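Chemist: In case you want the letters, here they are:
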Amino acid sequence: MGHWLMDTAGIGSIIVLAVGFSILVAYVYMLRWIQAAPPDPVLVEAEAGDEEAFAAQVGGDKA
Amino acid sequence: MSQPYRESELERAVLNPLRQTTMQFYLVLGVLGLVFLWGAASLIRQWLLGLGVTGLGRPVYWGIYLSNFVFFIGISHAGTLISAILRVTQAEWRRPITRVSEAITFFALVLGGLQIWIDMGRPERVLYPLIWGRYQSPFLWDFTCIGIYLLSSTLYLYLPMIPDLARMRDHMTDAPRWRRWLYQAMSLNWHGSHEQNRRLEKGIGIMAILIIPIAVSVHTVVSWVFGMTMQPMWHSTILGPYFVVGAIFSGIAMLFIFMTLIRKAWHLEKWIGAKQYNYLGLLLLVMSAFWGYFTLAEYLTTGYGSLVHEAHVIQAKLAGEYAPWFWAMVTCNLIFPFAILLWRRGRTPTGTFIAALCVAIGMWIERFTIVAPSLTRPSLGFERAIYAPTLTEVAITLGSVALFSLLFLLFFKIFPVVSVWEVEEGQVIEAVRRKAEELAYQTG
Amino acid sequence: MARWGMVIDLDKCFACQSCTLACRMENNTPVAGPDQASRGRAILWNEVLPFVEGEYPEVTMALIPRPCQHCDNPPCTKVCPVKATYKDEEGIVCIDYGRCIGCRFCTVACPYQVRYFNWYRPEWPEALKEHLNPDPEVAPRPKGVVEKCTFCIQRLRKAREGAEAEGRPFTATDYTPACVQTCTGRARYFGDLDDPNSLVSQLAASPRAFRLLEEMGTQPKVYYLKQG
Amino acid sequence: MDKISRRDFIKIGSTATAVGAAVAAASGTRALLEQGGATATDHSGATAATSFTETWVKTTCALCPSGCGLDVRVVHGKAVKVEGNPLHPLNQGVCCLKGQAAPEVLYSPERIQHSRLQTGGRGGGDWQEIPWDEALKLVADKLVELRASGQAHTVAFIHGETRGQMRALINRFMAAYGSPNVISQDSLDEQAARLAMFLTQGINGIPVYDLNNASYVMTFGGNLLEASRHVISYLSSLAFMRRGRPQRGKLVAVHPRMSLTGTKADEWVPIRPGTYGALALGMAGVIINSGLYDADFVRDFTFGFDDFEDEAGTLHMGFKRLVLEAYPLDRVESITGVPAADIARLAGEFAINRPAVAVMPTEPGGLASGNGSYTGMAIHALNALVGSIDVPGGVLVQRFPNLADWPEVTPDTAGEASLLQERVDGAGSDVMPLALSAYQNVADRILADEPYPVNLLFFYNANPVYDAPNGDRFAQALKKVPFVVSFASTLDESAAHADLILPASTFLEVWGDDYIEGTGYAGVSLRRPVVEPVHDTRNPGDVLLSLAAEVGGPLGDGLPWRDYKELVEYRLSGLDMDWAKFEENGTWSEMVYFNAAPGSPAWGNVVGRDRLNAPKDGRFDFFSRELFAAMATPHDNDCLPRFELPVTGESADIGAYPFLLVTQTLITQPRSWEGIVPSLQEAYGLQTNMKWSSWVEVNPRAAEALGVKNGDLVWVESAVGRLKAPVRLYEGIWPNAVYMPPGQGHRTLVKWGRDSEVSVVIGANANKLLVADTEPLGGLAALSPTRVRIYKA
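Going down the list, the sequences are from chains A, B, C and D.
If you read the first sequence in my numbering, its first letter stands for residue 1, the second for the next number, and so on.
If you read the second sequence in my numbering, its first letter stands for residue 1, the second for the next number, and so on.
If you read the third sequence in my numbering, its first letter stands for residue 1, the second for the next number, and so on.
If you read the fourth sequence in my numbering, its first letter stands for residue 1, the second for the next number, and so on.
Chain A with its partners taken away, still in its complex shape:
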């Protein structure tokens, strides 16, 4: 099986494309993760409403 995997034309392309693509996806994910970082909470006491709105906004991340 191993020899066929290495020797057949086409399989090599699949390996290259699959590895390259998955890494690309991982990096895009990292950038999106950084981009989605929450801003600093404003130093003035925050009304309650703000808190929930903030939590909702970030909610997805906590899951």
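Don't read these hints as lab results, they were simulated from the structure.
Predicted, not measured: the structure shown is a model, and the values here were computed from it.
Every residue, glycine too, gets a C-beta built ideally from N, C-alpha and C.
Careful: at least some of the hints might be erroneous.
What the hints assert, rightly or not - DSS-like mimics (lysine-lysine), calculated; alpha carbons at most 30 Å apart, straight line:
#: 1; chain 1: C; residue 1: Lys143; chain 2: D; residue 2: Lys691
#: 2; chain 1: D; residue 1: Lys78; chain 2: D; residue 2: Lys565
#: 3; chain 1: C; residue 1: Lys129; chain 2: D; residue 2: Lys751
#: 4; chain 1: D; residue 1: Lys616; chain 2: D; residue 2: Lys320
#: 5; chain 1: D; residue 1: Lys581; chain 2: C; residue 2: Lys158
#: 6; chain 1: D; residue 1: Lys250; chain 2: C; residue 2: Lys226
#: 7; chain 1: C; residue 1: Lys143; chain 2: D; residue 2: Lys751
#: 8; chain 1: B; residue 1: Lys275; chain 2: B; residue 2: Lys435
#: 9; chain 1: B; residue 1: Lys275; chain 2: B; residue 2: Lys202
#: 10; chain 1: D; residue 1: Lys137; chain 2: D; residue 2: Lys480
#: 11; chain 1: C; residue 1: Lys129; chain 2: D; residue 2: Lys691
#: 12; chain 1: D; residue 1: Lys724; chain 2: D; residue 2: Lys479
#: 13; chain 1: C; residue 1: Lys143; chain 2: D; residue 2: Lys78
#: 14; chain 1: C; residue 1: Lys226; chain 2: D; residue 2: Lys691
#: 15; chain 1: C; residue 1: Lys158; chain 2: C; residue 2: Lys129
#: 16; chain 1: D; residue 1: Lys768; chain 2: D; residue 2: Lys480
#: 17; chain 1: D; residue 1: Lys768; chain 2: D; residue 2: Lys792
#: 18; chain 1: D; residue 1: Lys78; chain 2: C; residue 2: Lys129
#: 19; chain 1: C; residue 1: Lys143; chain 2: C; residue 2: Lys78
#: 20; chain 1: C; residue 1: Lys158; chain 2: D; residue 2: Lys78
#: 21; chain 1: D; residue 1: Lys78; chain 2: D; residue 2: Lys691
#: 22; chain 1: D; residue 1: Lys768; chain 2: D; residue 2: Lys724
#: 23; chain 1: D; residue 1: Lys724; chain 2: D; residue 2: Lys709
As the list claims (entries may be wrong) - Calculated Cβ distances over 12 Å to all of chain C for the following chain B residues:
#: 24; residue: Gly30
#: 25; residue: Ile148
#: 26; residue: Thr295
#: 27; residue: Ile414
#: 28; residue: Lys435
Position chains B, C and D against the provided structure of chain A, taking the given hints into account.
Modeler: Chains B, C and D only, in chain A's frame:
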């Protein structure tokens, strides 16, 4: 914005070149452009007529283009070493020069890939390896590793730029529309919150750790293009590590060259100072010793043994028609660096620049003396072949170097050369550390 | 399936190079001309290599006709990134000129230097094009691809078609490459190495038999019988 | 920009891999398809079906004297591949590299396409193409005019290699016309062997060696396996001698340069150039001294072995006393440079391993050291010593088929008178009584108007301006000849000086025949047009016959045939074979050679058959009675084989020209085609790996003394010429001998290769360096070794 933003001295120094372009810049751009066009014209001629315009023949099927390929991929290791290793080891003095090295990495990889395309007999079939790719061939390993490294180094270049891009998005209001739009888009609406900074630092940390093995794999795999064949003096186990050491060695040299040029042209003497040159000079010295060790290991074992085919090749290198190349390489890579960098007085910008220039040339010669001599003495050869590169090959080589510098220059016309936020962070750390020392001193 | 191999008896070979020329005429390898030949670009798939040893007057010269060895463990097909060159089921190492990208990795990997490269588009003076072999397998190759001895693969197909036309099974002796057919000293034998009582396999087992660069483990399928 | 939830991530990831998988599946199946379904090369875009029909036409090669039978594959009326004719007795299916390159001769772009007339000055190069009948009329009128004015003898016909009936046709044409001047190129190559055979064995023919059955073959000079007269049968029979039969024969090559023959021989004996005769006589001395010779054969069937008294009672020295006294081992060693121990060992091996055969060279310059005939006699005497005359494995006599005889020719009075004139080349005169032709003299004698000026000169298959020795004298000589007609196929050096060119078709386009030579038994091989004539060219045979018809008179009735095919058919009608089978097989031969037992009635046509004024007593002449009769004041050592220092060796002073230029023809050089054959040029210098160029082979020791490295360009200068060529260090050559390959130095007429100009000279013409004298008796050219000097260019 509340009050007009007062740029710090660092910002002014770094952002100044982005604002106005001096006459000198256009001159350099023009020269590089001309050389690039000459290379491009030669390449088009070669694609139209065929590889016959080069000096290659039978049995010397590979020559300067393969040496260029290995050289450019070699340079790309500059980025890895400086920013990744030094970042992982928290060497503070790396801060002003990380972006330069990461940029070298990115452009060197682009040029490296281009060299393979230049060397192909059927350039229009360049995508065939991605259609009928066959993983048994070391070229496919190259495709994979260089592809991953290209992606990683792009990210590794981009992540530390985000805070600077945000800064420019906010403060460079006088820039032309497209530039502001570019900064806006590329800064991923960075707002510098603690969480975002933490994530960025974490991201850069992961990449720093991740990119070192990738870089090592790239150059090992590049060496295996030669190592996997049975040509005398190619088929040796040392080729992998030897190429990696050679890559880091030439990477540092390239970094020195571009760092010093940028420093000179854009007056960053204050930020890229003696400390950088001192420590990096030492590092270059260490790598020179490393390289010398590997070369000794390679040539001693081959020379000492009596394998007939290998004996022909090593005789050609040490005493034959490649002897001048070989001994020039040894002087450039070993003798000059030690002569200059061993003393503190030598590790000045001009000193290291000269040493680095020698090393860069020496390392190109090293790649050439690995590729060519083995091919001129085939195992079943009854006669030595002569390889005389033609003008086309020289033109395309110089054209590639010009393209590399051109891309480098244009990149730093749009993006800041020094990573401003890292340097500021460094200044804060420095201040705190000095404060702690004073306290310790007072309470001592 | 057959495993085609060749035996060259150096005692009967007088290095007349008839194989070299027959191979050129059969396979349409292009004329290089004085300037390209001087740069080592003459394409002769079946060259005779002169190895001179010794000093006057004890001089010996081994003259080895060297077709492609069609190795059983070919170092060339391993390194091809697009599998343009491969060993087919009959042990013949072929090249697909439609897929070769001209990276020349195989030419560097082959220790016998049997692979040639079309540095330019092959050209013949107009008049000389008349004598080109019309068989489809040997249509002149395009610029930028590698080419080499194929054991006259077109003759294998024609032998099979001939046998079929005559309504009898194809036998190994129907198939003789051009160099074997024309050898003036009758020094070349060709046949199926898997068939124990074929002439080639018996000669290959002779004590005089040796192979080129055997220590490289490529298991070449061209055996030479020692001179003298 | 919403956030990427982990679920999203999984979704994206999965779609990515799905897409990847799809791409992979497509390319994967393509790969599987290719792997499994592909036949050997079907995906190389080739249409597998062969949509054309091919025919195989049998004909005979003419690119070297052997004359192999060929099968030519013709597709769409084009000759695409040449192979050996398996039914032909000479080559039995094999074919040498020149035959393989024949299509490049047939379709050569350098061929002259129409008959053309020189309009500007001689050699000026501006030609005007004229139709064939106009050209023939020009020549015919000239012939008639000369014949009418009683100057028939001032017409000369110079020819090189002729096949089958062609030589007889040329001789009849000129005899009927009334001119004795048919000058062949033989005096440069095989005339020496023919003369030696005639003077000793009394056979006017070239010896054929039965190497299939020989157990010891010793070739003196020449190049047996590359360029001897019957090279193809020798190649195959030597392979048979070595591996075809249980007892392996030994091949010894004696030559100053290690050629392919020397390399592949079991022993290469380097010798001072031009001293083969001394070695042969030295060996004869050892064989006689040790009593290893075939005493019965020598006693009963040879003459002049022991001293003898002729009728007049004067005592004559015999061969035995000559070799024992005049050629002791030490003297021979000093002459030849071959160590005495080797001479003795070789002689012993030669005598013991019967049947042994000593082979005379038949290549150009083989026996051209100034006493060619005596050297040939010495070598051939060895065969008689060990009794290998006409034994299996010995020297055979080539038999020729008895064809229908030529009709009677009665030259009229004008023709009769001029026929008796002295020949232009001086052959047959009292200086050269036994010479058939003296090619190398023609230039000087035309320049000196001896014996009379030449008015009309024909060239057929000969290029004297290129290959005649003594430099460019032939080009000057041609300027004195008012009308020159050439049958050249390409514009070679001589044709460039011609007034009228009647371009000859190549051998693949003409009818004709070939005597089978090299197997001993008689045979004929058919040459027929393989393809339609490529250009507007004609077979010179047809041209001569149409000229004869137009001139009429004795010429007309002597050659009554309309075309050459009819002539050949008439001649071959004498054989009892049916033409259809002959055409189908391409050849006919007696297939078996009957060795004549000494003394049997058949022995008469093996020894002494063609003797003129020596008794036909079936005795092999050590002491040549033919010579004794031919010379006015013969003394003993004129009639016995002897050795003289090479005449060219001494003529120039040794100090100025220290090196000896050795000539040896290569197998890659076609003999009757003057144009460039590209594929042969690319296989030209095998041993020195030189393509498309000349070179000078120098012994490394000599090169050191000269301070010359491998590949340097040097001048090679002799008394008559100077050439430039790259040096190739070669261990296999006599220390002070140098070698240059013949056959190079032609100017290209088309652009060969990408970056070369149209008209460029490929290599250098070594013939320009040769200084040639003429041997007194046989008219042989004495040109090798020529003394040269070498210095850096």
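Chemist: Are the hints correct? Go through all of them and say.
Modeler: Hints and how they fare:
{"no.": "1", "hint": "C:Lys143 - D:Lys691", "in the structure": "holds (22 Å)"}
{"no.": "2", "hint": "D:Lys78 - D:Lys565", "in the structure": "holds (22 Å)"}
{"no.": "3", "hint": "C:Lys129 - D:Lys751", "in the structure": "holds (15 Å)"}
{"no.": "4", "hint": "D:Lys616 - D:Lys320", "in the structure": "holds (22 Å)"}
{"no.": "5", "hint": "D:Lys581 - C:Lys158", "in the structure": "holds (28 Å)"}
{"no.": "6", "hint": "D:Lys250 - C:Lys226", "in the structure": "holds (16 Å)"}
{"no.": "7", "hint": "C:Lys143 - D:Lys751", "in the structure": "holds (20 Å)"}
{"no.": "8", "hint": "B:Lys275 - B:Lys435", "in the structure": "holds (21 Å)"}
{"no.": "9", "hint": "B:Lys275 - B:Lys202", "in the structure": "holds (27 Å)"}
{"no.": "10", "hint": "D:Lys137 - D:Lys480", "in the structure": "holds (23 Å)"}
{"no.": "11", "hint": "C:Lys129 - D:Lys691", "in the structure": "holds (22 Å)"}
{"no.": "12", "hint": "D:Lys724 - D:Lys479", "in the structure": "holds (27 Å)"}
{"no.": "13", "hint": "C:Lys143 - D:Lys78", "in the structure": "holds (26 Å)"}
{"no.": "14", "hint": "C:Lys226 - D:Lys691", "in the structure": "holds (28 Å)"}
{"no.": "15", "hint": "C:Lys158 - C:Lys129", "in the structure": "holds (23 Å)"}
{"no.": "16", "hint": "D:Lys768 - D:Lys480", "in the structure": "holds (21 Å)"}
{"no.": "17", "hint": "D:Lys768 - D:Lys792", "in the structure": "holds (19 Å)"}
{"no.": "18", "hint": "D:Lys78 - C:Lys129", "in the structure": "holds (10 Å)"}
{"no.": "19", "hint": "C:Lys143 - C:Lys78", "in the structure": "holds (23 Å)"}
{"no.": "20", "hint": "C:Lys158 - D:Lys78", "in the structure": "holds (19 Å)"}
{"no.": "21", "hint": "D:Lys78 - D:Lys691", "in the structure": "holds (28 Å)"}
{"no.": "22", "hint": "D:Lys768 - D:Lys724", "in the structure": "holds (12 Å)"}
{"no.": "23", "hint": "D:Lys724 - D:Lys709", "in the structure": "holds (15 Å)"}
{"no.": "24", "hint": "Gly30", "in the structure": "holds (34 Å)"}
{"no.": "25", "hint": "Ile148", "in the structure": "holds (17 Å)"}
{"no.": "26", "hint": "Thr295", "in the structure": "holds (22 Å)"}
{"no.": "27", "hint": "Ile414", "in the structure": "holds (35 Å)"}
{"no.": "28", "hint": "Lys435", "in the structure": "holds (59 Å)"}
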